[in-house]
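Each protein sequence line maps, in turn, to chains A and B.
Residue numbers 1 to 332, in the working numbering, belong to the letters of the first sequence in order.
Residue numbers 1 to 370, in the working numbering, belong to the letters of the second sequence in order.
One thing to keep in mind: the hints can contain errors.
Claimed, not checked - Below 20 Å or equal to it, Euclidean Cα-Cα: the simulated EDC-like pairs (lysine to aspartate or glutamate) are: (1) A:Lys99 <-> A:Glu275; (2) A:Lys99 <-> A:Glu199; (3) B:Lys277 <-> B:Asp301; (4) A:Lys260 <-> B:Asp105; (5) B:Lys361 <-> B:Asp301; (6) B:Lys53 <-> A:Glu315; (7) A:Lys232 <-> A:Asp220; (8) B:Lys116 <-> A:Glu275; (9) B:Lys277 <-> B:Asp147; (10) A:Lys260 <-> B:Asp301; (11) B:Lys239 <-> B:Asp301; (12) A:Lys260 <-> B:Asp106; (13) B:Lys116 <-> B:Asp301.
Keep in mind the hints are simulated off the structure, nothing from the lab.
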Amino acid sequence: MLSLVHRPSMDEREDNGRPAHGQPLAEAKNAISQTSNLQNTSSQADGEGISLDPVAQPLAKSTDTLLEGNSATLSAVPGDTPTAPAETPLVSPRIRLDKKHPLAIRWMHWINFPVLFTMIWSGLLIYWNDSDNAYKHPHAVYRIGVGPFTLVRFFPEWFWKAMNAPYHVTQGLGYHFFFMWVFAINGILYVLFTIFSGEWSFVVPDRKSLKEAIQVTLKDFHLSKTLPPQTKYNGAQKIAYTSVIVMGMGSLITGLAIYKPTQAHWVTTLLGGYEMARWEHFLLTMGFCGFFLIHVTQVVLAGWNNFRSMVSGLEVKPVEEPSLEAERRSWG
Amino acid sequence: MTDPDNELTGAAQQASRQPAPETAKPVSSEVTPPIAPAEQDAADAAVLRESRKHTRRSFAIAAVGAAAGYGIYQWIDHSQRLSMQPMPFRRAFQANAKLSRAIFDDRALAPAYPLKRAEDLRVNGVYGLKQTLVPESWRLQLTGVADARSYPQYVTAVTAWEYRYADVKSHEDQGHDTKVAPSADTAEKMAPESMVAAEKIRQERAGRMPRGLEEAGRSRSTLDPGTPGLLLTMDDILKLPKHDLVTQFKCIEGWSQIVHWSGVRLADLIAAYPPAKGVDGRLPRYVYMETPNGDYYVGYDMKVCMHPQTLLVTEMGGSPLTQFHGAPLRLHAPTKYGYKQIKRIGLIAYTGQQPDDYWTKLGYDWYAGL
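Please work from the sequences and hints to get the whole structure.
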């Protein structure tokens with residue numbers, strides 16, 4: 001079987017000049033004709049933007065596309081597969097398994113989920129202590145208002161009762177000052193992993209991300225029909241995921257400013273003082289809650305194939321879609 | 001580079017086995033000669049089979065992982081309590097304190113503020129303050145002093161000193177403290193039904209016990225009867241250099257206020273009455289303090305007591321301390337939460353044992369270092 005190679009649509013791919021393997025020709029043509037509509041002008045201008053290297057791949061190599069890099073062990077190739085002996089090796093499947101999320105990222109993602117939940121919940125138990133609206137000292141910090149005018153105070157009493165928060169302060173302190181280490185270490189390992197594996201380049205936004213994010217948001221609200229091209233994440237995802245990582249760092253820094261406001265007083269002072277640091281810590285928590293709601297909604301809308309990839313790492317894709325594994329190889 | 005479409009036309013013949021995927025953009029049917037749909041479907045099915053194999057395996061591992069996570073929470077929840085904290089959390093408090101001492105060494109100075117930013121401190125927590133102390137009857141009991149007999153204030157039993165009160169011992173709550181479950185009246189305002197009910201039963205059974213004693217109980221570090229030491233008067237204290245401080249008071253409840261404090265440094269008192277070496281030949285590492293009747297008590301590292309901002313306060317906001325702010329002598333330590341800043345100090349004891357601490361018994365951190 002002869003495979004052709006097409007260049008993927010993202011700038012990074014064009015720049016590094018290394019092709020993705022094994023796109024069957026018809027799909028390659030298809031993908032490219034689509035790609036050519038989406039190329040930005042700079043990449044076309046340098047004469048390299050769209051090229052097609054008619055490199056014939058050996059059969060075994062081209063079957064990598066079934067499961068990038070792992071075809072030998074996984075034998076997802078028709079003909080190689082004992083369970084499908086009748087199939088001719090000359091028929092390539094229209095779909096393949098793409099390695100979407102590395103194992104380490106999946107573990108860290110799922111560890112973070114209950115740990116962040118624990119931090120938010122235990123933080124709420126601690127914060128209840130300063131929410132004594134019914135008595136003499138309504139809290140000054142956790143509110144929306146200017147000067148003496150207050151629009152909203154966090155939180156109303158029905159909310160506290162629903163959360164069973166009253167008088168669980170020491171429980172909150174216990175959980176918070178234990179799981180803060182898990183949250184911090186897991187988060188730091190995640191950032192280090194993305195840096196050293198190169199995965200950061202899927203996540204960190206670039207110049208186009210904001211425009212893409214707007215297009216994606218318009219599409220989500222059915223105000224537009226076109227979607228910009230993407231590899232692993234679209235512009236909105238890049239901005240959201242990068243923001244939430246920065247917010248995590250912010251929670252660690254504001255947390256330290258609250259935890260050690262004397263010994264680390266320069267951090268507290270830089271953040272605007274003790275009360276401001278507490279307010280910022282709280283606001284970031286609200287941000288995590290908002291992120292969580294949108295994230296879960298989007299995951300539900302994106303469907304099973306996408307959700308499953310955060311557990312198994314693999315996503316079923318039409319063969320002509322850009323391969324993430326090929327892009328990873330292109331990082332060198 | 002060449003036009004991709006031109007290149008493709010030649011190569012397309014060779015790839016013509018590939019039909020257009022149903023899910024994606026259709027490729028013109030001219031370049032896609034028919035192939036047996038059954039073969040194509042079988043090829044796709046093989047991929048999906050592979051996918052399912054991975055999915056089953058991954059979700060099995062995920063289930064084990066989730067069970068392990070649940071197990072960790074169960075382990076914490078069911079572990080033995082040490083001072084009302086599950087053991088892993090109490091150990092974490094201690095490890096955090098150790099790390100904090102190692103990194104910060106409790107030496108940093110808290111930021112000071114301009115005097116005009118100082119506020120009136122709110123009253124919060126009245127344990128050991130409910131009765132009105134007769135000012136003339138106040139003495140500071142000081143034990144563990146080196147060569148104590150050489151001081152004129154030496155007595156053979158500091159514990160025999162009698163504090164006099166202007167009123168009889170009251171069993172009424174005075175003020176509300178949100179760190180612990182409130183009385184039934186207070187609870188009704190915002191606590192869950194179950195808590196209100198439990199509080200009512202408790203009050204009916206026990207009457208209105210003073211809340212301080214009811215909750216944390218007596219101190220394990222209080223002096224044995226007949227302990228010798230010094231009985232210092234306020235004049236003895238005021239002989240030490242006076243210092244003013246405008247620093248932030250931080251309550252573990254979350255609120256904070258900038259306060260103008262005046263008084264003497266605890267470090268100066270300790271220098272004037274230096275501690276005796278213990279039986280192990282070492283200087284005591286800790287300082288224990290309690291109110292005159294022992295209702296409230298705190299433990300400190302000696303190092304924190306030697307901090308230049310740890311103040312024995314006689315005035316707040318330029319006025320003498322009031323009863324519920326701890327007259328005649330209270331502590332301010334900007335490196336600690338408010339619950340360690342004891343009001344109405346009756347006893348200061350140098351000790352080699354880590355002293356008992358009121359709120360530690362109720363689940364809070366002993367170190368409480370800011």
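task = Check each numbered hint from earlier against the structure, then list the numbers of those it violates in ascending order.
result = When the structure is compared with the hints, numbers 1, 11, 13 turn out to be violated.
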